[in-house]
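Engineer: So you can see what is in the structure, the chains are spelled out below.
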Amino acid sequence: MHTGDHIPCSEFLNLSCNAMGSIQFDQVTLEFSGMSRPAVNQVSCEVASGELVVILGPSGCGKTTLLKMVNRLYEPTSGRIYIDGQDIKRLKPTKLRQKIGYVIQQSGLFPHMTVADNVAVVPKLLKWPNPRIQARVDELLQLVKLPPTEYRDRYPAQLSGGQQQRVGIARALAGDPAYMLMDEPFGAIDAITRTALQTEILRLQQQLQKTILFVSHDVDEALRLGDRILVMNAGQIVQFDTPFNLLTQPADPFVHELLGADDMVRQLGLLTVNSAMMALPDNYQNGSKPTVNAVDNLRDALSLILKTGAPELSVVDQDKPVGLLTLEHIRSYAAEANR
Amino acid sequence: MGYLLNNPSEVGWLLWQHLQMTSITLLIAIAVAVPIALLITRYRWLSVPVMGTLGVIYTIPSLALIIFLVPVFGLNATSVIVAMVLYTQVILVRNLTVGLSSIDPAVLEASRGMGMSPWQRWWWVQVPLVLPVFVAGARIAAVVATAIATIGAKFNAGGLGQLLFDGIQTNRIDKIWAGSITVAVLAFAINALLLWLERRSHPTRKAQTK
Ligand SMILES: Nc1ncnc2c1ncn2[C@@H]1O[C@H](COP(=O)(O)OP(=O)(O)OP(=O)(O)O)[C@@H](O)[C@H]1O
Ligand SMILES: [Mg+2]
Numbered sequence: 191m192h193t194g195d196h197i198p199c200s201e202f203l204n205l206s207c208n209a210m211g212s213i214q215f216d217q218v219t220l221e222f223s224g225m226s227r228p229a230v231n232q233v234s235c236e237v238a239s240g241e242l243v244v245i246l247g248p249s250g251c252g253k254t255t256l257l258k259m260v261n262r263l264y265e266p267t268s269g270r271i272y273i274d275g276q277d278i279k280r281l282k283p284t285k286l287r288q289k290i291g292y293v294i295q296q297s298g299l300f301p302h303m304t305v306a307d308n309v310a311v312v313p314k315l316l317k318w319p320n321p322r323i324q325a326r327v328d329e330l331l332q333l334v335k336l337p338p339t340e341y342r343d344r345y346p347a348q349l350s351g352g353q354q355q356r357v358g359i360a361r362a363l364a365g366d367p368a369y370m371l372m373d374e375p376f377g378a379i380d381a382i383t384r385t386a387l388q389t390e391i392l393r394l395q396q397q398l399q400k401t402i403l404f405v406s407h408d409v410d411e412a413l414r415l416g417d418r419i420l421v422m423n424a425g426q427i428v429q430f431d432t433p434f435n436l437l438t439q440p441a442d443p444f445v446h447e448l449l450g451a452d453d454m455v456r457q458l459g460l461l462t463v464n465s466a467m468m469a470l471p472d473n474y475q476n477g478s479k480p481t482v483n484a485v486d487n488l489r490d491a492l493s494l495i496l497k498t499g500a501p502e503l504s505v506v507d508q509d510k511p512v513g514l515l516t517l518e519h520i521r522s523y524a525a526e527a528n529r
Numbered sequence: 099m100g101y102l103l104n105n106p107s108e109v110g111w112l113l114w115q116h117l118q119m120t121s122i123t124l125l126i127a128i129a130v131a132v133p134i135a136l137l138i139t140r141y142r143w144l145s146v147p148v149m150g151t152l153g154v155i156y157t158i159p160s161l162a163l164i165i166f167l168v169p170v171f172g173l174n175a176t177s178v179i180v181a182m183v184l185y186t187q188v189i190l191v192r193n194l195t196v197g198l199s200s201i202d203p204a205v206l207e208a209s210r211g212m213g214m215s216p217w218q219r220w221w222w223v224q225v226p227l228v229l230p231v232f233v234a235g236a237r238i239a240a241v242v243a244t245a246i247a248t249i250g251a252k253f254n255a256g257g258l259g260q261l262l263f264d265g266i267q268t269n270r271i272d273k274i275w276a277g278s279i280t281v282a283v284l285a286f287a288i289n290a291l292l293l294w295l296e297r298r299s300h301p302t303r304k305a306q307t308k
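Chains A and B supply the protein sequences, listed in that same order.
With the working numbering applied, the first sequence corresponds to residues 191 to 529, in that order.
With the working numbering applied, the second sequence corresponds to residues 99 to 308, in that order.
Hint data in this document are derived by calculation from the structure and do not stem from the laboratory.
For glycine and all other residues, C-beta sits at the position ideal for the given N, C-alpha and C.
Treat the hints loosely; a few may be bogus.
To be verified - Covered stretches of chain A, as calculated for chain B (at least 3 residues, CB under 8 Å): (1) 281-287; (2) 495-507.
Said to hold, decoys possible - Label-pair ranges, simulated between beta-carbon atoms: (3) B:Ile122 - A:Arg280: 46 to 52 Å; (4) B:Trp143 - A:Ala325: 44 to 50 Å; (5) A:Lys279 - B:Val196: 35 to 41 Å.
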C-alpha cells in the first residue's frame, strides 16, 4: 500500500501501460453460491481506450456477470479489474459508477421523471451547476436524435421502445464518461429499429470515442458493431479477436458454429467494396450502371447486383467513379480471404 | 341537527379531540410501519410471520383490544391510540411492501449502476414511486382510525363518541344524530383530502392531464 494509488499494471499483466481509458481483467472469477461452476472463470483480457468490444456468447455464459463486475454491481470472488490502470477496488463504488455509463436492456428509465430529468441524473450526482446540466441535456437529446423541444418534458411511458433506449443512451452519456457498459441495449427492440440504433451507436462512437463493453447474443449485431469480439462460453473466454479473424480463423468448433463461419454472405458483410473492386479502365464510360460506395460492404454490393441484374457496378467515392465491381470480383476476393 | 347548531362549541371541542386522536395515531402508525415495511422488503422471510401477526391483530374486536391495553397504559387516550396504531399496521405495512416490491427491478438496478447512494436511491426513486400506493394505504388507515376513535369516549379519551354514548345513556336522539353526522362528515372529509393527495402524488400526473 506504500506504492501510491497506481499499481503499474505491467507488474500483474504482461501489458502495455498506456492505461488511460482502458479496461483490464486479470484472472477474474466470480462464483455464485450454490452453482456448480463459476459464472465467470479466470477471465484475463484488455480492452483498449476507444475500443468497442462486443461480448458474445450463449445465454448463461456469464456476459452480464462479467459486465457488472466492472461497475462493481458484483464483486469478483478473485482476480482484479483495472480502469485507467487503477484497481477498481480502491475506488468508492458510487464514484466509480458515475464515471461509467450504464445502459440495460429494459432501459430502466425512471418512470416518474421526465426525459430531461432522467438524462440529468448523473450530472446532478456530479453536482454540476444547473445551467450546465440543462445545456447538456439538450445537447444529448440532439445527439440521440430526439429534438429537445418535443421530448424534454415527456415521461418514459409516452415514448416508444426505441425512443426509450435512445434516452437510456443519452442518460448514460450525460456525465461524459470515458467508459460505457451496455447490456443487450437493443435486445427487446424490433429488427428495423435495432438496425437504426446500431447505426446510431457506430456514429456516436466515431464522434465520441468511448471505451465500450457491449453485451449481445446476436451474431450480426456483434459483427457489425465490434472492433473486437470477446466470445465466451461457460464463464470462460473462448476467443477474443476482430470480427474478420473470428470468421476466417475460428479458434475451435464452438466459435465456428456460434458465428456461422461457413456463412459466406456474413463474411461479405465485413469486407469493403474498395478492397475487391478493379480500377477504372482508361476508356471508361459510366453509362447507367448502378453505383455503390467504395466504403460499402460486399454484402450490400452483392444484393444490389442480384436485385438489379446488372453485370457490373460502378464504384464511387464521394460521387466520383473510382472503380468497377463484378460478381466475379466478389467471388474471387471472398475465396482469397478465406484461405 | 338542532343539537349541533345549539352547541357548536361543545361539538367543536369533541371534533378537535377526535381529529387529534386520529392524526396522532396516523403519525405514529406511519413511523412504525415504514421501518417494518423496509425490513420485510429487505428480508423476505419476515413477510409471512409479520403480516400474519398484523392480520391476526386486525381481527380482534376493537373494544376487546383496548380493554387488553388498559392495564398497561391506563384508562385514557393512550390505550385507544396504541390500539388504533396496532390496527392500522396491517393496512400501512401491506401497502408499503406491495408498493416497494412493485418497483421495476431494472429501475433500481439503473439507479445503482448510475452511482446513486442508498440514501439518494430512497429519496429520488423509491419514495416518489411508492408514494401513491402509500397514500392510498394511509387514507384507508385514517378512515378506520376515525371510526375506531369513536369508542375512545368509553375510555376517557373524549372525541365525538362522547355524543353517541351520552345520547344512548340519556336517551337523547338529537345527540346521537349530532355525533353520527359529525363522525360521518369527518370521515368523508379525511377521505377526500387524502384522495386528493393520492392523485397529486401520482408520478406521471402531469403527463396524464396534459
Ligand atoms: N445474482 C445471481 N445469483 C446466482 N446466480 C447467478 C446470478 N446472476 C447470474 N447467475 C448465474 O450465473 C450464470 C451467468 O449468468 P449471466 O447473467 O452472466 O449470463 P448471460 O451470459 O448474461 O446470459 P443472458 O444472455 O441470458 O443474459 C448463469 O448460470 C446464472 O444462472
Ligand atoms: Mg445477460
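Engineer: Broken hints, numbered, in rising order?
Structural biologist: Those not satisfied come down to hint 2.
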